[in-house]
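Okay, here's what each chain looks like letter by letter:
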Amino acid sequence: DTEVTQTPKHLVMGMTNKKSLKCEQHMGHRAMYWYKQKAKKPPELMFVYSYEKLSINESVPSRFSPECPNSSLLNLHLHALQPEDSALYLCASSQGLYNEQFFGPGTRLTVL
Amino acid sequence: SQQGEEDPQALSIQEGENATMNCSYKTSINNLQWYRQNSGRGLVHLILIRSNEREKHSGRLRVTLDTSKKSSSLLITASRAADTASYFCATDAERDDKIIFGKGTRLHILP
Chain A
1 DTEVTQTPKH LVMGMTNKKS LKCEQHMGHR AMYWYKQKAK KPPELMFVYS
51 YEKLSINESV PSRFSPECPN SSLLNLHLHA LQPEDSALYL CASSQGLYNE
101 QFFGPGTRLT VL
Chain B
113 SQQGEEDPQA LSIQEGENAT MNCSYKTSIN NLQWYRQNSG RGLVHLILIR
163 SNEREKHSGR LRVTLDTSKK SSSLLITASR AADTASYFCA TDAERDDKII
213 FGKGTRLHIL P
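Chains as they are written, first to last, in this note's numbering: chain A, 1 to 112; chain B, 113 to 223.
Hints are computed from structural coordinates only; laboratory data are not their basis.
Treat the hints with caution; some may be incorrect.
Computed list of lysine-lysine pairs in DSSO-like fashion (alpha-carbon distance at most 30 Å, straight line) [what the hints assert, rightly or not]:
#, chain 1, residue 1, chain 2, residue 2
1, A, K22, B, K215
2, B, K181, A, K53
3, A, K36, B, K138
Derived Cβ-Cβ restraints for the label pairs, each shown as a range [claimed, not checked]:
#, chain 1, residue 1, chain 2, residue 2, range
4, B, S124, A, S59, 31 to 39 Å
5, B, A190, A, L54, 40 to 48 Å
6, A, H26, B, A122, 35 to 43 Å
7, B, K181, A, K41, 19 to 27 Å
8, B, A194, A, T16, 39 to 47 Å
9, A, E52, B, S124, 40 to 48 Å
10, A, K18, B, A194, 49 to 57 Å
11, B, S163, A, L54, 23 to 31 Å
Keep in mind that this is a model prediction, so the values were computed, not measured.
Think of the CB as a built atom: it goes at the ideal place given N, C-alpha and C, for glycine as much as any other residue.
Build the full structure now, drawing on both the sequences and the hints.
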């Protein structure tokens, strides 16, 4: 299985809602990533987990809270988001930190 | 700040022609990678070239790396409509644990 899955595909939420994005891979990869991507822009790194420990947090606001329950799962908990947080949120995984990354299809998030 | 900068930002060519995209970066790297992204979807890894390699091929793709000029190029030969996508280079700085994506080149193949 060489696939990274993400749920949901689309999410619309209000600024007071709490929601979670989920990502799963079964390739035995030990590094997992969250990226945010605005239209016609490159992906921006948010968080990196290596061996289930948070290794990089790119100064992301606390309204985004990552979680890695086990080596196959990565969550992104969302709370009190702003309309400017609307974007495509991409999850990726890789064997190691410098190896090729496998991306999921993304979650299209709209904050009203 | 971003490590990689692609050039051109947008490129339109006729089907069957070759497409060349360039990437320049600022600091010493371990690897340079190229990814493709179809509109609104996840990225697909195309090729990884290590800092001690100068050229790599994969099917219709050819990547070169010039570490003295801190630049790389991606050549797609005999382009097809399905090659229409955004192409990003991604670099990892030697003293950093993360990969940074360049701004990307939007490639449009005309029928």
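Now the hints, each set against the structure:
1. Pair hint K22/A plus K215/B holds up; C-alpha atoms about 26 Å apart against a cutoff of 30 Å.
2. For the suggested pair K181/B and K53/A, the alpha carbons sit about 36 Å apart, so the restraint of at most 30 Å is broken.
3. The hinted pair formed by K36/A and K138/B meets the criterion: a straight-line CA distance of about 23 Å does not exceed 30 Å.
4. Remark: the range hint 31 to 39 Å for S124/B to S59/A is upheld by a beta-carbon distance near 37 Å.
5. Our hint of 40 to 48 Å for A190/B and L54/A holds, since their Cβ atoms are close to 44 Å apart.
6. Roughly 37 Å separates the CB atoms of H26/A and A122/B, a value that falls within the hinted 35 to 43 Å.
7. Under the hint 19 to 27 Å, the C-beta atoms of K181/B and K41/A, about 26 Å apart, fit the expected range.
8. The supplied range of 39 to 47 Å is met by A194/B and T16/A, whose beta-carbon atoms lie about 43 Å from each other.
9. Separation of E52/A from S124/B is about 45 Å and conforms to the stated range, judged on CB atoms against 40 to 48 Å.
10. Taken as a hint, the range 49 to 57 Å is violated for the pair K18/A and A194/B, whose Cβ atoms sit roughly 40 Å apart.
11. At about 28 Å, the CB distance of S163/B to L54/A agrees with the hint of 23 to 31 Å.
Consistency with the previously given hints fails for numbers 2 and 10, ordered from lowest to highest.
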